[in-house]
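Trainee: Okay, here's what each chain looks like letter by letter:
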Amino acid sequence: MSGLDAPTPARDVADTRLLDATIGLARRNFVNLTRLPSAFLPALIMPIVQSIAFSGTFFAIIQLPGFPTDRSINWFLPLAVLMGCGFAGVGLGFSAIRDLEGGFHDRLRLTPAPRLSLVVGPMASAMIRAVIATTTVVIVGTVFGARLVHGPLGLLPLYLAGIGISVIGAGWALGLAFRFRDMRAAAIMQLTLFLALFLTEAQTPSFVIEGWLDGVVRVNPFNNILRLARLGWLDPDMTWSDTWGGLVAISALGAFTTAFARRGLATLSDQ
Amino acid sequence: MSTTVAGTEPGGTATDGRATLSPSVSAQIVAMSRRAILALARQPALVIPSMIFPLFFAALGTSAFSRATRVPGFPEVDSYLDFALAGAIAQGVLFGSTVGATALATDIENGFFDRLLSSPTSRVAIIVGRMAGGMAYGALQTLVFVLVLLPFGLSVKGGLPGVAALIVSGTVLALAVGALMSAMAIRTGSSEATQGAFPLLFIALFFSSSFFPRETMSGVYATIADWNPISHLVEGMRDLVIEGFTASAALRATLIPAAIAVATIALALRALRRRLGAT
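Residue numbers (the working numbering), protein chains in the order written: chain A, 366 to 636; chain B, 3 to 281.
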């Protein structure tokens, strides 16, 4: 049979392959999670320790006039969730580096799997990790005194923000991994995410912040995501005006980091 | 070859098992310290985070918590920066000491440690040299933190004697933490395990008064912070900054880490004896 007579259904197969390959790669990352738990445990333990340690150390800040909650753990738990979810996403960048160094990524690129699945697959895995991390931190946080102020609905923005930040973290980390191709990228992945999350109302609300940080907080889109995550845990009502900014930030940063990862993969494939 | 801590002295003269601080041992300690310092200087990517992060947190805290200094229980301070300096020093030294211990674990992993043991080098020099490198770095960190934060409004009420006491405190704390992490490195022989112990230091730091006064904490956090020796040494350092140089503050800032160092050096030497016994 000549090449011109090749079966036409191949295009249909290609259409379904993106989803299949994405699910397959997400499943592989999930299996790796159970086989190498030490790679994910820090992203699980760190936010728990952080929320407990911060709420204990900075307990007194709730005494500031106008502070939006009377429980310090309600203030710090969403920050810890975002940290955990962000680092869960960054962990996929570490996996990509291991695959690149071990040659497995070369074999992946030789398969007929659509290129986009090599980005979307790990991102799907990051979402699963984010759900696990968020659920764990919420359960432990509740044991330590955290309370949802507006009922179970308050969990929705927290999960949205957590999943969003995990996708952003994964996209950013994959993009760096594809460009650096070794563990030098690891420090940059962690440091940038850490800075982006701490240069917000991470520790105190904006009306308490003074000096240089105030200006940074106003322009940092991660602050909108943090506000979204905190909606269900603070006394003020959950309103759309406090919600949409976070959703826009997640969408914009998610699109940017996905494109960043996709372009990084393209340069890798050109080698 | 003897497998005691003192072991065989240079030149092949067997000792009775106790370390004798002959000039040659001192020279070895100096050489090993020099190697440790050069190793840190040649890999700035490893040590820069322990220099940058404490400064970043001090700057962040000064902006975020400046109004929080008005809450009941907070000591009288000109700014949160004055309050934060001691915590920044403790944080930097804790982070930096992990780097030195990880380098020791790497020496064990790649076989350099075994080559040192098989050479006529004093066992004490191998360990003390590594710790001396960490101590020099701890002193440098303390000085750099003070010098960098001075233009941003830091005021050390203890003056030059206060700064000198802070440097001594940072140096001895580096010895204490370096010895603890070295014990971990020698015992496990794994740089990953040594790095993995770092979160314990993080927890010890946050469950102390490094970033906020104990008087503002409540419940179990306050109890843990009361019992945590880091709280007391940090408060000694802090008093040198916000109250001025007093014998009480200087003694707390130096004797508490010294006491910890005695215990952790004993741990490190015990771990070394075990490793030598095992080999």
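Treat the hints with care, since some could be wrong.
Unchecked claim - Chain A residues, not near chain B, derived (Cβ > 12 Å throughout):
| # | residue |
| --- | --- |
| 1 | 410 |
| 2 | 421 |
| 3 | 422 |
| 4 | 544 |
| 5 | 569 |
| 6 | 570 |
| 7 | 576 |
What the hints assert, rightly or not - On the chain B side, residues computed to face chain A include the following (Cβ under 10 Å):
| # | residue |
| --- | --- |
| 8 | 75 |
| 9 | 121 |
| 10 | 123 |
| 11 | 214 |
| 12 | 224 |
| 13 | 248 |
To be verified - Label pairs and their in silico Cβ distance ranges:
| # | chain 1 | residue 1 | chain 2 | residue 2 | range |
| --- | --- | --- | --- | --- | --- |
| 14 | B | 163 | A | 395 | 34 to 44 Å |
| 15 | B | 201 | A | 395 | 19 to 29 Å |
| 16 | B | 77 | A | 469 | 51 to 61 Å |
| 17 | A | 610 | B | 221 | 27 to 37 Å |
| 18 | A | 385 | B | 121 | 26 to 36 Å |
| 19 | B | 69 | A | 553 | 44 to 54 Å |
| 20 | B | 47 | A | 392 | 14 to 24 Å |
| 21 | B | 40 | A | 517 | 34 to 44 Å |
| 22 | B | 190 | A | 476 | 37 to 47 Å |
Bear in mind the hints are in silico, worked out from the structure with no lab data behind them.
Note that the Cβ used here is the ideal one computed from N, Cα and C, for glycine as well.
Trainee: State for each hint whether it applies.
Mentor: Against the structure, the hints:
1. 410: violated, 7 Å
2. 421: Since the minimum Cβ distance to chain B is about 3 Å, residue 421 of chain A lies within 12 Å and the statement is violated.
3. 422: Residue 422 of chain A is in fact no farther than 12 Å from some Cβ atom of chain B, at 5 Å.
4. 544: Given a closest Cβ separation of 17 Å, the condition holds.
5. 569: violated, 5 Å
6. 570: violated, 10 Å
7. 576: Violated, since 4 Å does not exceed 12 Å.
8. 75: Where the cut-off is 10 Å and the nearest Cβ of chain A is about 7 Å from residue 75 of chain B, the hint holds.
9. 121: Violated, about 32 Å.
10. 123: Not OK, violated: residue 123 of chain B not within 10 Å of chain A, min 32 Å.
11. 214: holds, 5 Å
12. 224: holds, 8 Å
13. 248: For residue 248 of chain B, the interface hint is violated, since the closest Cβ of chain A sits about 26 Å away, which is over 10 Å.
14. B:163 <-> A:395: 34 to 44 Å: violated, 59 Å
15. B:201 <-> A:395: 19 to 29 Å: holds, 25 Å
16. B:77 <-> A:469: 51 to 61 Å: holds, 56 Å
17. A:610 <-> B:221: 27 to 37 Å: holds, 35 Å
18. A:385 <-> B:121: 26 to 36 Å: At roughly 59 Å between Cβ atoms, residue 121 of chain B and residue 385 of chain A fall outside 26 to 36 Å, so the hint is violated.
19. B:69 <-> A:553: 44 to 54 Å: Violated: the Cβ-Cβ distance is about 34 Å, outside 44 to 54 Å.
20. B:47 <-> A:392: 14 to 24 Å: This hint is violated: roughly 35 Å between Cβ atoms.
21. B:40 <-> A:517: 34 to 44 Å: Given range 34 to 44 Å: violated, Cβ gap about 58 Å.
22. B:190 <-> A:476: 37 to 47 Å: holds, 39 Å
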